[in-house]
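Enquirer: The sequence shown stops at residue 504 when you use this note's numbering, and every number in between is there.
Careful: at least some of the hints might be erroneous.
To be verified - Taking lysine-lysine pairs in the DSS-like style, the calculated list, with each CA pair at most 27 Å apart, reads:
| # | residue 1 | residue 2 |
| --- | --- | --- |
| 1 | Lys216 | Lys226 |
| 2 | Lys216 | Lys357 |
| 3 | Lys323 | Lys369 |
| 4 | Lys310 | Lys357 |
| 5 | Lys310 | Lys323 |
Quick caveat, the hints were computed from the structure, so don't treat them as lab data.
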Amino acid sequence: MNGELMTSLPLQELLRNAPSAGDIAERFSLLLEPLKKRVVREPAGCLSYPYLIPSGFYQQMWDWDGFFMGCHFAHQGQADKLKHWVLNFLDHVEDDGHVSGCITPEGPREIMGRFSAKPFLSQGAWIASKAEGGDVSWLKDQYQGLCRVLNYRIHNQRDEESGLYFWMNAMQSGADNNPALNYDGEDPRSYLACDISAYQVRELEAQSLIAGALGLESEAAEWKESAEQLRAAILDKLWCPEDQAFYNIDRETGQLYRRMSYSSFVPLFAKLAPEEDGRAMIKRYLLTEEHMKSPFGFRSLSRSDPDYNNENIIIPFSNWQGPVWPIANYLYSVALHHYGFEAENEWLAVVQGTLLADDIEKYGTMHENYDAETGAPLAPSHDHRTPEGDIVGFVSWNLCIENLLEGVVNDRWMLLDL
87 MNGELMTSLP LQELLRNAPS AGDIAERFSL LLEPLKKRVV REPAGCLSYP
137 YLIPSGFYQQ MWDWDGFFMG CHFAHQGQAD KLKHWVLNFL DHVEDDGHVS
187 GCITPEGPRE IMGRFSAKPF LSQGAWIASK AEGGDVSWLK DQYQGLCRVL
237 NYRIHNQRDE ESGLYFWMNA MQSGADNNPA LNYDGEDPRS YLACDISAYQ
287 VRELEAQSLI AGALGLESEA AEWKESAEQL RAAILDKLWC PEDQAFYNID
337 RETGQLYRRM SYSSFVPLFA KLAPEEDGRA MIKRYLLTEE HMKSPFGFRS
387 LSRSDPDYNN ENIIIPFSNW QGPVWPIANY LYSVALHHYG FEAENEWLAV
437 VQGTLLADDI EKYGTMHENY DAETGAPLAP SHDHRTPEGD IVGFVSWNLC
487 IENLLEGVVN DRWMLLDL
């Protein structure tokens, strides 16, 4: 479905005439297979294990890109890739527990100060172990490193009064210009944030499971208690009953910051909300065209937000102020499944699978994000080309749309349950 077709016919007619999810799943998987080789690199420099890169413009090993790619491969029976991602990061944990969110063969790459890794390492370690039959023996020597990383985040990104977590800046969150965070380098504010707090609940739960599997029962209980306290704080402080939504809190004012972005839905991905509340938020915001729903998937920012746009405005390629991101749509799909929206997930699988399959057929690769109104690929922009003259493109966590299609077609979901 190209942009011209999508804007010239009513959506219902397009869906009525669209190929089935099964047809799209088969087509997309065939087109995707050759691209998977582009994201795996052999050990090099200070990276002792094969490592994952987003490909295209990005040739580094990143935190959440690698986590979601690694989970994709683990779900496909290749858990070694996720395990190696974990080990490569743990090799670079500093004495105080800091580990950079980006590592190259030449060493950690710091961005905007100390660019600390996002909360995914313990989850990655546990999911890799589960995928390998529950073997945690490899984690005996890694457990203390995981503890140091968790404790660094607890000491440096946890608000003592509320118990919630904050990003040091939007760049650290990965959603580089999310209007629900401070993305201006001159902006000193920080926010008690839905996304980092929800991811951290999962990290603490994963660490508890790892500790238990290693026979460290008292530590397992402590990590579990920390996870439950954080879960309660998220529901108590970040949920707005009046708006039926999760919001961030401005730490300067202590007030809810009422901006509806992709990050507002991360607690639903983590299945933190009660069913009634989760369904209400999805119906009110995710499934309505005035907010998140577009013909090509779900937006990264509400269409009603004053900052909403579909420009390629971030250098290099990272606008979270409206464009459709496949990784955000994967997260949305998990939330939809958790809260019982199966027909909506089928629609999402069809439009996202078609969008990416068409992209591969036209360009031989995919893109990071797409115009939510036309479906046009935005980034990387096409003035970035390989020595052979091809556009550099992007693969990375777009792989997870294959998992969405498998869930819809074969009831084989990658929900990242712990």
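Enquirer: Tell me the hint numbers this structure goes against, listed in increasing order.
Expert: The structure breaks none of the hints.
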